[in-house]
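There are 2 protein chains.
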Amino acid sequence: MPPTITPWEVQGEVDYEKLIQQFGTEPITHEQLNHIAQQVGEVHYMLRRGVFFSHRDLDWLLNQYQQTGECFLYTGRAPSGNTHIGHLLPWVLTRWLQEKFNVDLWFQFPDEEKFLFKQDLSLEDTAAYTQENMLDVIALGFDPDKTHFLIDTRHAGILYKHACRVAKKITFSTAKAAFGFQDSSNIGSVFYTSMQAVPAFLPSAIAGRNIPCLIPLAIDQDPHFRVARDIYPSLGYYKPAVLHARFLPSLQGPEGKMSSSSAPDTIYTTDTQKQVEEKIKKYAYSGGRSSLQEHKEQGGNPDIDVSFQYLKMFFEPDDKKLQELEHQYRNGDLLTGELKDIAIDKINVFLQQHQKQREKARNKVEQFIYQAE
Amino acid sequence: MPPTITPWEVQGEVDYEKLIQQFGTEPITHEQLNHIAQQVGEVHYMLRRGVFFSHRDLDWLLNQYQQTGECFLYTGRAPSGNTHIGHLLPWVLTRWLQEKFNVDLWFQFPDEEKFLFKQDLSLEDTAAYTQENMLDVIALGFDPDKTHFLIDTRHAGILYKHACRVAKKITFSTAKAAFGFQDSSNIGSVFYTSMQAVPAFLPSAIAGRNIPCLIPLAIDQDPHFRVARDIYPSLGYYKPAVLHARFLPSLQGPEGKMSSSSAPDTIYTTDTQKQVEEKIKKYAYSGGRSSLQEHKEQGGNPDIDVSFQYLKMFFEPDDKKLQELEHQYRNGDLLTGELKDIAIDKINVFLQQHQKQREKARNKVEQFIYQAE
Chain A
1 MPPTITPWEV QGEVDYEKLI QQFGTEPITH EQLNHIAQQV GEVHYMLRRG
51 VFFSHRDLDW LLNQYQQTGE CFLYTGRAPS GNTHIGHLLP WVLTRWLQEK
101 FNVDLWFQFP DEEKFLFKQD LSLEDTAAYT QENMLDVIAL GFDPDKTHFL
151 IDTRHAGILY KHACRVAKKI TFSTAKAAFG FQDSSNIGSV FYTSMQAVPA
201 FLPSAIAGRN IPCLIPLAID QDPHFRVARD IYPSLGYYKP AVLHARFLPS
251 LQGPEGKMSS SSAPDTIYTT DTQKQVEEKI KKYAYSGGRS SLQEHKEQGG
301 NPDIDVSFQY LKMFFEPDDK KLQELEHQYR NGDLLTGELK DIAIDKINVF
351 LQQHQKQREK ARNKVEQFIY QAE
Chain B
1 MPPTITPWEV QGEVDYEKLI QQFGTEPITH EQLNHIAQQV GEVHYMLRRG
51 VFFSHRDLDW LLNQYQQTGE CFLYTGRAPS GNTHIGHLLP WVLTRWLQEK
101 FNVDLWFQFP DEEKFLFKQD LSLEDTAAYT QENMLDVIAL GFDPDKTHFL
151 IDTRHAGILY KHACRVAKKI TFSTAKAAFG FQDSSNIGSV FYTSMQAVPA
201 FLPSAIAGRN IPCLIPLAID QDPHFRVARD IYPSLGYYKP AVLHARFLPS
251 LQGPEGKMSS SSAPDTIYTT DTQKQVEEKI KKYAYSGGRS SLQEHKEQGG
301 NPDIDVSFQY LKMFFEPDDK KLQELEHQYR NGDLLTGELK DIAIDKINVF
351 LQQHQKQREK ARNKVEQFIY QAE
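Sequences listed follow chains A and B, in order. Read in order, the letters of the first sequence are residues 1 to 373 in this note's numbering. Read in order, the letters of the second sequence are residues 1 to 373 in this note's numbering.
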């Protein structure tokens, strides 16, 4: 059975190369990374290491930015649970892009989305999760003067009108093909993609001129923009460029996606050091051999080792240190337990800092929420 | 071919008795009219004469009101053109109900609706029509302290959240059956009914307690509430009661509906006295005989005479005068030309007053638009 990849379901092993073909996106090239380096002086490790592996119209975006010095970033989070470390991944790159490109970020919290797609979730639930999720975004260090949170139910007075413009151009048939809707789907879920389409042109609508948009997101969100990108030009706006991230794997295996609904498999941003240690030690899928002797002789496999993948994708930005770990693990000098200890330590150092900033963020929330002028 | 009756299309001869069966509503009874008379001292001629001919849960509403003295009214207008005299019909009764019951009215202007359903209409068009249509509502004399205009794109910050609650409970399949959607329908049109459902419970949501709602509307709008009434209880709200009006016929025949898109067939609220005279004289379908002699001998048929129907349904509130006209027309004493002159005069007297109030309304619009507290 092929894997299921929609914005609301990721099941099975994900073949990222196939997704590029299936979704009709482009792999990110060395030339593109060089182009980024030319413009901002460096390339983020998540780009270098292929965590962001695919794109739409990146060349266009980089050329536009080079010529005009102008663009904006757009990403988001549909509140349906507490934030886990997998959620942070695209936001970490987005924060870096904001700093390096020195541009505005529009961050959408579609608090109706998961309400519409999950039977048991109430709008009160998603409102509470929105509050918590906002803290995690702020904690990453976004610039409050350049970051604008849009909360769908709160900002519908701004968003809905534009969403109708988008919706008028999307048939049920198109939505069905892109998202797998059926006659039994509720009409709110069917409409929803129109709301997600709006922030890609809202800043242009507000400014009264076209500003290029770059959307860093996890690959499962691509269908929204695959559909909407066909529509933007007819509304008078640019097609946004998109950067696609892989999923941070769940603890139980290198393929698939960390899920916010499976607590023991998942490392939340609010987990204690002890919880992180226990989860990694107990659940983190290992690329090590079944016996110490075998491991020493044949070496481990970092490509399937979740602890190594966490370090590579997120928690060890230093290329030299990472290469050393990879080398030692492959040749058997580094044992699974030792590798896990390193991952635990790195994650906990990150989370300690994150949790400190997260608490400080409680007083900053209103500062980040977009106020129409 | 049976007539098409949806909120967006009324084609063919309308058989109102059949609609009661088809839509599953109830005819309004003499007992119900007496019940209204008991409570407010009189019965409006549009009720007495069967212009409002059908209902849902009217007994429940009247009992609720009798016991608690509380209810509110809800009606609306989807801006897609200039107001014609047919539009005014349900609003005239609504104004009377507001005065007699001494209750609030919530008046929705879903300025996205016709935008979503009509290819050539822009949101700028519907915004302009909204401004004009509001003048016609205000001109009828609604109480500014008890009347609250909701404009969908402007009030989406209040409406959208509740619309999502409704939308979650309506499948595409249900919407398809009620409104005739197809796979080629756009996803905004599919979602729209959720927005129209909201004002029936918004005052209850704001007050934090259930308030009974009465919706006077033209029968073609019933499908929205046929669907939504199944949902309100699961959201914790009463099912609203509904009063259904017949359509004011177009100039060209006693069956069917006056349309805002066929200018010569239609009397607009801004027509000059000369225009009204010309339209009635030239187009008003006559129940008179083909020759003067035949008319004198056999009499005219007021049941199919559009001028007489306008007087009966709207412009001659005095029962005695109307009966006299009917009698004279039936026995041939009153000629078609004379009947037309009476209708022209009555309509022009009404419109002269209406246009005066309409101009005065320009300064009052903001007073009527709902401001969230």
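Since the hints were made in silico from the structure, they are not lab data. Incorrect hints may have been included.
In silico lysine to any residue, SDA-like type, Cα no more than 25 Å apart, as pairs [claimed, not checked]:
(1) A/K169 <-> B/E124
(2) B/K161 <-> A/I206
(3) B/K118 <-> A/T174
(4) B/K118 <-> A/R229
(5) B/K176 <-> A/A177
Examples of chain A residues toward chain B, derived with CB under 8 Å [what the hints assert, rightly or not]:
(6) T68
(7) T153
(8) A156
(9) K161
(10) T171
(11) F172
(12) K176
(13) F179
(14) I187
(15) L292
Beta carbons are placed, not taken as given, at the ideal position from N, Cα and C, and that holds for glycine.
Right, here's what the structure says about each hint:
1. Taken as a hint, the A/K169 and B/E124 pair is honoured in the structure, with Cα atoms around 17 Å apart against an allowance of 25 Å.
2. Only pairs whose Cα atoms come within 25 Å are accepted, and B/K161 paired with A/I206 is accepted, the gap being roughly 23 Å.
3. A threshold of 25 Å between alpha carbons decides the hint, and for B/K118 with A/T174 the separation of about 19 Å falls inside it, so the pair holds.
4. With a CA separation close to 23 Å, the supplied pair B/K118 and A/R229 stays within the 25 Å bound.
5. Distance restraint check for B/K176 and A/A177: the Cα-Cα separation of roughly 18 Å lies within the 25 Å cut-off, and the hinted pair is therefore satisfied.
6. At its closest, the beta carbon of A/T68 sits 29 Å from a beta carbon of chain B; the interface hint therefore is violated under the 8 Å criterion.
7. For A/T153, the interface hint holds, since its Cβ comes within 8 Å of a Cβ in chain B; the closest pair sits about 4 Å apart.
8. Below 8 Å, beta-carbon pairs count as interface contacts, and A/A156 has one with chain B at about 4 Å; its hint therefore holds.
9. Interface restraint check: A/K161 against chain B, minimum CB-CB distance 4 Å, threshold 8 Å, status holds.
10. For A/T171, the suggested interface contact is upheld, since its CB lies about 5 Å from the closest CB of chain B, less than 8 Å.
11. Among the interface hints, the one on A/F172 holds; its C-beta lies about 5 Å from the nearest C-beta in chain B, closer than the 8 Å criterion.
12. Because the smallest distance between the Cβ of A/K176 and any Cβ of chain B comes to about 7 Å, under 8 Å, the interface hint for this residue holds.
13. The interface hint given for A/F179 is broken, as the beta carbon of that residue sits about 10 Å from the closest beta carbon of chain B, more than 8 Å.
14. At its closest, the beta carbon of A/I187 sits 5 Å from a beta carbon of chain B; the interface hint therefore holds under the 8 Å criterion.
15. For A/L292, the suggested interface contact is broken, since its CB lies about 55 Å from the closest CB of chain B, more than 8 Å.
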